[in-house]
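Asker: Sequence:
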Amino acid sequence: MNEPVLVLNRNYEPLHICNTRRAVGLIMVGKAEIVENGRGHIRTVNALFPRPSVIRLNHLVKRPHPRVKLSKREVFRRDNYRCQYCGQESGHLTIDHVVPRRSGGGYAWTNLVAACPACNRRKGSRPLSDAHMHLLRPPFEPTASATYLFGRHATHYHEWGRYLDGW
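Quick note: to get this note's numbering, add 70 to the position in the sequence shown (first position is 1).
Hint data in this document are derived by calculation from the structure and do not stem from the laboratory.
The model shown is predicted, which means the values in this text are computed figures rather than measured ones.
Don't take every hint at face value.
[As the list claims (entries may be wrong)] Under the rule of at most 30 Å between Cα atoms (straight-line distance), these lysine-lysine pairs were calculated in the BS3-like manner: (1) Lys142 / Lys193; (2) Lys132 / Lys101; (3) Lys101 / Lys139; (4) Lys193 / Lys139.
Produce the entire structure from the sequences given, and follow the hints as far as they go.
Answerer: As structure tokens, then:
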């Protein structure tokens, strides 16, 4: 009952991921309908209910365009878990401010990169030019596409692919 279920808006836009229990509740009260049932059934004493994989809301939810929240994990994800100075792939990365905070560099997508501890120590709190270092690619804010937001689940639930690709 805790498996993830993709929730689509009325216009088939991916909105959210909820668990099976919540999805069945939405279906039972008439707020959603099953679009994909790839997981069998839920058996109770008196009835047999389909176990949803993808549901669609019966009403349109208006919401602003989503943005990726700035966090350490998302910076690592954007940079593919690679140091942006030497290119080393590692599980032990740190966050580096391209423009040091003491020089006015803020906490923003365009100022934060993943760095290995050695490169971060080498750069220190100096600008790139003073440290004689360069970035492999400039930092940017990732777009909040459905594939980016929900893509990690799509590898396990192949039936979600057609709903994530168009957004």
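Asker: Hint check: Lys193 vs Lys139, CA-CA at most 30 Å. Holds or violated?
Answerer: holds, 26 Å
Asker: Does Lys101 lie within 30 Å of Lys132 when you go C-alpha to C-alpha?
Answerer: The given pair, whose Cα atoms are some 15 Å apart, holds under the 30 Å limit.
Asker: Hint check: Lys101 vs Lys139, CA-CA at most 30 Å. Holds or violated?
Answerer: Holds: Lys101 and Lys139 sit about 29 Å apart, inside 30 Å.
Asker: Would you mind confirming whether the straight-line C-alpha gap from Lys142 to Lys193 stays at or under 30 Å?
Answerer: holds, 19 Å
The earlier numbered hints are all upheld by this structure, with none contradicted.
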